[in-house]
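Since the structure of chain A is provided, determine the placement of chain B on it from the hints.
Taken in sequence, the protein lines are chains A and B. This note's numbering puts the first sequence at residues 1 to 546. This note's numbering puts the second sequence at residues 1 to 460.
Source of the hints: derived by calculation from the structure; they are not laboratory data. The reader is advised that the hints may include incorrect statements.
[Stated by the list, open to error] Lysine-lysine pairs mimicking DSS-like chemistry, simulated, CA-CA at most 27 Å apart: (1) K166(B) to K225(A); (2) K182(B) to K95(A); (3) K134(A) to K6(B); (4) K235(A) to K6(B); (5) K171(B) to K201(A); (6) K75(A) to K182(B).
All figures in this text were calculated on a predicted structure; none of them were measured in a lab.
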Amino acid sequence: MSELSTIKDLLQSLIKTRKLIRMYPENNPMYIKAVNDMYEKFERAFQQTSGDIAFQIRQYEILFQDEQVYHNPEKSDNLALFFFKDGIRELKFLKDLGKEELEEFLKILSIDEKELVDDDIVTLMWERDFQNIKYIVDESTLTEDEEYELRATEALMENVTSEEVLLRAYRDALTSETARVPQIVPVEEEDLKALIKEFEKDADPKLPKLVYILSEIIYQGLDKKEFEEFSFIAKSLLEYAIKIGDFESAINIIELVKKAIDDRDIIEEAKVHLKKIIEHAGSTAIIKTLGEIIDRIEIEEKTILTYLGHLDKNAIQPLIEVLGELKTIKARKIIIDGLALLGRRDLQSLIKGLSDERWYVVRNIVYILRLIGDRRAVEYLLKTIKHPDMRVRREVIKTLGELKAPQAVTILKDHLNDPDPQIRIATVRALGSIHTEAAKRLLLQRINTKDFLHRTLEEKKEYFEVLSSWRDEEVTDFLVKTLKRNTLFNRSKNFEKRACAAYALGLMGSKEHLNILKKYIDSGNPLLREYVRNAITRISGTRMER
Amino acid sequence: MEELKKAIDIISNLAILLRTSQVHDINNVAVTNLIDKVTGLINDFLKEEKVLQIDLVGEFFYANDTRLKYSIEHLLNFDFLSRELKKRNTGTIVFKERIETQEIKTFVKAFITAGFSKDPFNTMQNSLKGLKTITVDRLKRVKEDEALDMRKVVKKTYFNAVSFTKGIMNKIKAKEAVNIKKAKRIVESMVDLILEEEQLFLGMTAIKDYDEYTYHHSVNVSVLSIALGQRLGLSKKALNELGLAALFHDMGKVEVPLEILNKPTAFTENEWLIMKKHPQWGVKALLMLKNPDPVLIRSAIVAFEHHLHYNYTGYPAVRNKREQDLYSRIVTIADQYDAMTSSRVYSRVPLPPDKALSILIDRSGTQVDPLILKFFINMVGVYPIGSLVLLNTNDLGIVYQSNPVFPDRPKVRIIMDSTGKRTDQTVDLSEKDEQGRFLRSIIKTLDYTKYKINLAEYLM
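Just chain A, with the same shape it has in the complex (with noise of 0.2 Å):
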């Protein structure tokens, strides 16, 4: 291969390397083995070329030699332009160059030019202070005004020293005092090790720095022009500090900000735009970035939770449309555990999320009301419970159940019909829940219909397991009947009916019942006779704990 060919080989493999380095993660094995296969490719190009390679960069064009190794018309994509247009004009890859220095360099080059926003390609060089890549850079773009330099120089040197003026300090110098100079103390070690520590030091984040310097001027007599200014500032910092994961410096600003708007020395006009700042900071851009950050990194829960404590209710909205787009549980735990916080303060708001169009978040939203435990959900929970999706059901009915609501009881006797048995056991444990006589009531028709025969075991264990935590006579009355009762049909699913009384009625643990359950001790069905046994045991162990 001649030496162009391997040159233009090399650039190839350096577009072709930029597009992998962008695809993959650095850990990534293909990325590995691209900064492998590109350094391998430098050490033979500097191989044939014997010694340092050189390009020169043009808008469209790079030479090697003043010969054209690369040319691309277009705008997007073009490495010559890449270089090009921030003022690189040479670009030179030193024989000694190490696999750390090119893979930065590739980095640098893998980098989308949207994203840099303050820096261009040469500070991410210059910032690197790459020992075997060098570049030669035109500065003539940094020149603001051409002409200043020459004014500025006329100016200074328009008064020129007179020899009159010379003169006189020379006579002077000959006969004034000797003045006082200054001692240099050398530095020493004590200083060195004092500098290191400031050193140590200098490393800690700055934001918290700039955080308490607004704590000052907050306070600084600010009228209210310059309160609207602060706010503007605490906005852009809340949302930079949210960006970065420092979440303590996000709960300082608005610390400090409900500080002073609390404040009587403050004006009452700033504190318009102070309460702005809160707003901001459950503003929808600032919790779809908390999102993103807390789906990404490890952030301790309790601090974010700190910082959601702080918000306002306009933080909800924006809180239920991150909790359907997080990825990771535990960022989903943060948010609904956030909800629960803030929706305690304005159900209404929590409540819209019911309306959500996707149902997982349906589902959490109903979670979150079961967790706040207030029963003006109750209303909108029924309306609810007719959500087409399954998963949603069962939470709304669990939730009613937990939030014992007896209004409910009519809308949830339908559900112990439905098709789908775990809504049908949710329905009659929250029933259980509910507690109320008519919520009883239905579950002892229920289990009267020939219908309830047909249901599985569990299910009807479900049901009696329920009303065993009524534990009154009716009841009791109720499950003694049913043990009794024998039929002519269907007697291995009146079993299961008789065996699940016995069950009952070993829940309630009553020693009265002792004797009736030992009556069928000896069942000649298995099941029957092993769940009086079982509850014979639950209430003799109860007994015997007492």
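Just chain B, lined up with the frame of chain A:
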């Protein structure tokens, strides 16, 4: 990269060896251990590189033509070796092939003996004649024409920074967008040049422009801060951040009404109150420029703290005292020094540099951080650039470049000779005659501001 680390280690240990040899006999175990160590380090380097050529050019060390950038723990050792090599007029040491401990021992002996000689370089070279593996060469002076070209580059960079600062301040005032990328690039250029040509750049800060004070002052504070940061051992990236923070430290002044800013007489109490608001206005001006980032945050902190004073007796008054940022403490010193040595609207007569330095020393521990000030004084020297001095030869001159090795022996531009005639020549006060006596020394300093001497004529 690994080779450069090895070279730094060699120089550092060589310095320790030579320092130890100055107090102990060459056969003392402390010295022989070090000889073994240095021999091992050099041979390890020579396995890969065949030759190790250490050059001292200006204030910087080079190993096989690559400039060495070392961390702070090596600072004292490098400074020591630089000073001792200059005393011996030696600029190059070459090690080649494989070195024996006996050869290092011979080198150490030659080095120590040369220190007491009137002709140190020749003494050392003669002592090393029998050695094939270690050679030395004379200290090279930077060529005058190279220096002249570099001076042009420094001047261009300096005025470009001033022009840019002027533009940026005007844009902030007009609430227009500011190009931060460009600001970074300009400070990068300044950092590069200060790392290479610190003295030339410091010379530019001594030239004061009364009419454009605010902009020159911002750039001067940036240059002085970067140079001081370099002395403290900050990385290139950190120097850029420091340079930007220093450049922006007075941005709050764009909010101060011009009639106050340009008031030639003393401020009223109310005007002072407004003036004292510029640190907090600086925070606002910077944070309203663009979305926050680490550089902007650091700059805002510096803008707020640069008048706070080390003991918090400055302004703005704060309710809670928190330790001031390292960069703020650097910028405070640079700011005070440049302000004192400049002619401003409210203080037409500037102080001569040496006087300003004395005042800073008086403020050590109260207004300024004593530790940082110590490094600053060592940087600008006893006679800072721009000082008007009388030599024992009865020549009158202006300090042109300070000398980090001999702080009281800077380079001086003679403006009047011993006969009282106008002249123009540069002399190095560290130069000695054949008997080893210094050719010239400063005996008096004068206040150049008393005499309308235009420093730009001599320093630009």
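Hint-by-hint comparison with the structure:
1. K166(B) to K225(A): Holds, because 26 Å separates the two Cα atoms, which is no more than 27 Å.
2. K182(B) to K95(A): violated (32 Å)
3. K134(A) to K6(B): holds (22 Å)
4. K235(A) to K6(B): violated (49 Å)
5. K171(B) to K201(A): Violated: K171(B) and K201(A) sit about 35 Å apart, past 27 Å.
6. K75(A) to K182(B): It holds: about 22 Å lies between the C-alpha atoms, which stays within 27 Å.
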